[in-house]
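Chains as they are written, first to last, in the numbering used here: chain B, 1 to 461; chain F, 1 to 461; chain D, 1 to 461; chain Y, 1 to 461.
Note that the list lumps identical chains together, so a pair holds whenever it fits in one copy or between two copies.
List time: in silico BS3-like cross-link candidates among lysine-lysine, alpha-carbon distance up to 27 Å:
(1) K227 to K146
(2) K341 to K257
(3) K268 to K300
(4) K410 to K277
(5) K300 to K277
(6) K257 to K332
Honestly, the hints are just simulated from the structure, not real lab data.
The primary structure of each chain is shown beneath.
Protein chains: 4
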Amino acid sequence: MTKEYCGVFAIFGHKDASRLTYLGLYALQHRGQESAGIAVSDGENFKVHKEMGLVSKVFKDEILDNLTGHLAVGHVRYSTTGVSHIKNAQPFWVEYSRGVIAIVHNGNLVNRVQLCHDMEERGAIFQSTMDSEIIIHLIAHSKKKKFEDALIEALSKIKGSYSLILCDKNQIIGVRDPFGFKPLCLGRLNGAYVLASETCALDIIQAEYIREIEPGEIVFINKDGIKSIKPFSPQKHSLCIFEFIYFSRPDSNIFGKNVYLTRKCLGKQLAKEYPVKVDMVMPVPDSGNYAALGFAQASKISFEMGIIRNHYVGRTFIQPSPKIRSLNVKIKLNPVKDVLKNKRIAIIEDSIVRGTTSKTRVRTLWDAGAKEIHMRVSCPPIKHPCFYGIDFPTKTELIADNCSQEQICKHLSLNSLGYLSLPGMLSSMPLPPEEFCTACFNGKYPITVDEKISKDSLENK
Amino acid sequence: MTKEYCGVFAIFGHKDASRLTYLGLYALQHRGQESAGIAVSDGENFKVHKEMGLVSKVFKDEILDNLTGHLAVGHVRYSTTGVSHIKNAQPFWVEYSRGVIAIVHNGNLVNRVQLCHDMEERGAIFQSTMDSEIIIHLIAHSKKKKFEDALIEALSKIKGSYSLILCDKNQIIGVRDPFGFKPLCLGRLNGAYVLASETCALDIIQAEYIREIEPGEIVFINKDGIKSIKPFSPQKHSLCIFEFIYFSRPDSNIFGKNVYLTRKCLGKQLAKEYPVKVDMVMPVPDSGNYAALGFAQASKISFEMGIIRNHYVGRTFIQPSPKIRSLNVKIKLNPVKDVLKNKRIAIIEDSIVRGTTSKTRVRTLWDAGAKEIHMRVSCPPIKHPCFYGIDFPTKTELIADNCSQEQICKHLSLNSLGYLSLPGMLSSMPLPPEEFCTACFNGKYPITVDEKISKDSLENK
Amino acid sequence: MTKEYCGVFAIFGHKDASRLTYLGLYALQHRGQESAGIAVSDGENFKVHKEMGLVSKVFKDEILDNLTGHLAVGHVRYSTTGVSHIKNAQPFWVEYSRGVIAIVHNGNLVNRVQLCHDMEERGAIFQSTMDSEIIIHLIAHSKKKKFEDALIEALSKIKGSYSLILCDKNQIIGVRDPFGFKPLCLGRLNGAYVLASETCALDIIQAEYIREIEPGEIVFINKDGIKSIKPFSPQKHSLCIFEFIYFSRPDSNIFGKNVYLTRKCLGKQLAKEYPVKVDMVMPVPDSGNYAALGFAQASKISFEMGIIRNHYVGRTFIQPSPKIRSLNVKIKLNPVKDVLKNKRIAIIEDSIVRGTTSKTRVRTLWDAGAKEIHMRVSCPPIKHPCFYGIDFPTKTELIADNCSQEQICKHLSLNSLGYLSLPGMLSSMPLPPEEFCTACFNGKYPITVDEKISKDSLENK
Amino acid sequence: MTKEYCGVFAIFGHKDASRLTYLGLYALQHRGQESAGIAVSDGENFKVHKEMGLVSKVFKDEILDNLTGHLAVGHVRYSTTGVSHIKNAQPFWVEYSRGVIAIVHNGNLVNRVQLCHDMEERGAIFQSTMDSEIIIHLIAHSKKKKFEDALIEALSKIKGSYSLILCDKNQIIGVRDPFGFKPLCLGRLNGAYVLASETCALDIIQAEYIREIEPGEIVFINKDGIKSIKPFSPQKHSLCIFEFIYFSRPDSNIFGKNVYLTRKCLGKQLAKEYPVKVDMVMPVPDSGNYAALGFAQASKISFEMGIIRNHYVGRTFIQPSPKIRSLNVKIKLNPVKDVLKNKRIAIIEDSIVRGTTSKTRVRTLWDAGAKEIHMRVSCPPIKHPCFYGIDFPTKTELIADNCSQEQICKHLSLNSLGYLSLPGMLSSMPLPPEEFCTACFNGKYPITVDEKISKDSLENK
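Let the hints inform the model, and build the full structure from the sequences given.
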């Protein structure tokens, strides 16, 4: 199963469109480190550059110089499958009967297999395994005269989560699926309009935040301004709660609300639900920082940064040889012995998936001389796979689906373990509980998933 | 003036010498991001690989596979001059009358100009502008029969700061100058000996810390074990206090003491000297984190991480075009508006050099909606250039040498500004005050500097 | 108008399939220097590697090591348009409803515009501007159940010249269009079958020549052996006579006959038609060598190599700056002054297209001190563009269409000029006159060309 | 033993100095394909670019744009040893007490070991194993005040063959050793002076040939014009006769005489000494072409080019796997079967060294169906190694030193074999016999060689 786990950005109406998109992607780099790409147009020409690698590696001065135009669309991609290939880098674009079109996608279609099969039967040839290519083929196959109608027809056939941006030579188009799984916001920079996954991408170019693109909304942005339509029947909102818990940047607002403050609330609630008597509260950096701050403040215990993160860890780190690996090298995170020695510690994790990294991490804290180690987790146990774009493993690999909390506590060699409750998590959110998808915690999937896909995810990918 | 501002590492007696050195350099990457290199020997062959770039870029699997041997010496380099070139990457090595020799150097010689001139007069030809090449030439020119004597003769001619590691095909040699400016420690990994600038490089390979190499000490490590000599007359110790304040990693111990805890003490002392009534204490990440924690704990005010650092910022970031630059882009650090809005803030800096980055940073906090901004600095005003390896600018550019504290406060648009006092800083240190060089604060230089160099630094580099 | 001007090679049934294909392409490099590619399969896996550049640059040891399989198909490409791009490199391949398929093509379709248009109307999306992609789309769109039938249906829709090789995971398929424009031969290497544009590609791997693939023939080669069908109605054979005159390698046999000897016959006939009284006969190297040998032998005049070719001239030669260009640099061919001085010279060209290079070349001979210069051309005047794969310019640029022989003689600053006659050329051929396409000489096109394409070629490309 | 086997070029007084040098090196590429380099100065700045690879690969537009100046010195290098490394690429250059100096060298010093040893004893450190570095060190070590005197002192210490060009920021200096082994000529391009190994490098930039630099001459070329000195005692001239036989380009004049015509004379003389009754005379391309033409003309037998050379053969050709190698692939040269079948052939080689390539080549002719094969060689048997810059193997590997002519004939599977006689060769030369070094034929070495070097060459390198 391919999962598209990504960040998207676009701007219309600025002569430095490609450089601003570059900056926007830079701010969204945490949403995908595998490949990056930008499509740009000046109304006449249309150019695309995409490559495997980080944004800063993919784009050099001379490349950006060449990407001239007043509209641009960009993408960073995270591959959730082992196979990653330039063929699957976005923007995906083609020249077809209506001219040129490019698309970037954040989300995951759940009926891709059926759609591909149907179109291949009719002679379609696919270049990639990307959801975004399917959408383009659906548009190309539509008999509707008007592009807008063809787009609506195509979107009405896809099922799943999608925050999309499309562009041709004259406009950019933002789309958010009717369930609203993934965030997409609208901003303005002087006269130009901006679309982005998170507000941190508006901040970096000093654009002003206007509003969220709403679930089920399509916005067309061109020289005539911005036009919004909502052609689909409304669905129960199903915002991805994991964007708040782990995925988004703390300095971003998503779905209209701030991530940092939300995480602090989670930490405070956690302190209420699972208080602990320790000498210090410390986060697993960096994602656990904010819940740990909330926990420490609520429990009036010292906050310490007992594990130091190496800032130069990149994707290209070479694995040490087998002999060295057994040394259990601390490439990324190093505990500070003089801080931890003989201390009772509460360590705050944002979430536990397989439990393997947590186990290793706890071991290094014992090695550093900790006296007691208590773990607190700022979300409930993850028991169900996600079909809408978060890369959880199959059910059998999720530790919380297979072990009791007690078993996990023992497995991780902890003195105590506390997970935030589902009601506690929802009450800490800045939006009403019914707005969120919580399928990974309680298995209530807002969109039915093809049986085959569902079965795969129970066993293995 | 060339300044060698670097990290060094070496290991003797392990068959994975080059991969362990790679890991050690990885941990020392913060000491130099310009170039990296490793020399390795198996007793017969001698190989060197060095390139411009980060450790993870310079070394690939196939390169490390080729660097076979049981002893290795590594280096990461920071160029303090505008000109950086592979010619100046280390290890510097040559084949000469005594065989092969390689050297890595952390520090700065103050009599390099005179030494070069003398040797060129006698027909010497230099390949680089590195201090380390001078040392090799001095060894080559020595008439002493025994290598050890030639080394001592050479070292007795150089003046300045130096923590060196040399190697030939059969041994590694660690040297620390008699003043002890720069750190160098000794560790053990099973039967192998390790030398490194900071203990974080021992941690990453799970080596055990043994002791510091002492000021004026030379250690020879080979198949017969470790031999130590102290051939120079003792000098007043002059440990670089800036290693504690800013330069070393918080998880390292240097000169035998922990950096994280020392910085917390600085923050606590600062809270005592300059208390402030605010809603939150926040650091300039990441170097201000630990003093800020100390300040917050001592003043019982909430600690918040109001500025978020982008983890993907690398060396290759492309400058935006002039038009975009005026947008004051927040590439590296982004303030969290919802956290800062309408708040009275104390922001903790580790130090102020030119004042330009501080000024910009304070502006972004005002823009984010702060109500009051008070800055506290965890060291005294820097008024004098460093000749021993820290890259401070010339005297005329040091803001504290040109402006009163009041003027600086106004210049940075702060509500208040407080610098830690010199006695306060020294009393927070884990070693006696007389152990340190504090020349950058009070101008008391432990080694006289050539007049020309000194004059240059008053004007421009 | 895209012209595909290329070399093709394939092998089935040898475990070193990709390395043998590499060698085959190496021998066919003169047929295309822009890009090279190989597709390979072991029956289960299917891999493709293609890049811009010469064969020796595109394929490195580690790449060939990875291309494991017992069947392989290869291609070298010459771009006749200014725009060259990796998108247009071959083999073109896709995964579609029938599995995987790859194709390489030598020739030029004349109804590509219409075919593309029709298929795009039905929703097809094209990745490239290559004829080979059209053929794949036609196969994918066919409703025929059996692959063989779908292939025949697809081929029956295309018009133009094509020598094709296709492959999937289990077989290679050779196709030659019913007119037989482009060569394609069959060979054997122990138990393996080989297909190649010219026999020099059999020689390099020491394969044995079996026979030509006949016009209109399709051969399927797989584990069951070789199967031949001829599903199309026969057409008047139209072998490209220019393959003998200029394009093929002299050591190749094409259409079953040797190129070197054919060119010698052309030279002998030329000596009969246009005798000349000179001190020496010399070729324009290297393509004029063999006609010049024939001419010299027939006229009993000394053969000399008065112009020396620089063997290191590659595609990447940097153009000198404008100031230097005026020096009329002799990068590629240098006349030997001491050989030419005060001599009466007959220089043998294989053909004259625009006349610009000939003009420059003649000037360098005058500069070298020649006393008389007589040019003899081993084919008739080229007056008509080629639509089947030879890169002649538009009609207005063909010097022979615009000037009389006398005018050309004067334009080139020659003492005399003689073109071989059309009957003379045909009588020198090793096959009957009616076998050949001679459209470029007499405008008799065997396949009618779309009006638009035809018109374009009258004006500009 | 390092052998420097190279081409040199320089120009003074032209604002496009680096591009003209690039062209000159392009023309001299046959003298060295391993590395290329150019040093350039505008009187103030001094820049060098050198890399492994062919001239066309090493220099790109942007690199030449950056090499601004009115004087330039260039070099192409052939490594005669297995080890080739960028460290040994030329120009070799240093900054030393007198400023900057660069040097390029064609030839081979025979007392390098002694010179190195002496200087290392005095503390000198060598970066490379190049003769040119030794010369620079000798200049640097000289106590003479004037540079000219230091240069003369340095040159008086070296023994061997050398055609050198040196430059600093203001002048270029040409030197030819007193024996005159290697060619070096002087030309003029408008007001600019040019130095080059062969006249083909003058031709390519349309420079006018002036004269040879004489044995033992030093020319200084700067803004004051050209100044010549001859500070050494004269020696018996010892021009390398192999430059005429094999090494130089046929379109070049060397030592003032044309190579093409000289080779034709060798062929004519060979026809006189060893006539043969055959159907055709053919060369081993391309070096045998001209002797073959002479042989064919003198014997009135048809000249044919029975072996075709692949023009795309470069240095990077990948070796086929062991299984394929046994196929005896014809990568570089392919015989034309239809031309050779049932023919009696005389094949002309320029020389036989080890005999291994000749053996393989003869086999391919038999395989192609030849009826008789007679080989004629345009120089006498090579029986002695060269110490002055030609890469012959050690004595034991020279086939003519170990086998009689009869044995060689049989070993190569020939019907007959004829070597040109020593008097025959000398009488075909355009200069008096006593001008040449013929050591490789008769062992009469003009300069005594260090015993150790001499001994090495008897055994192995």
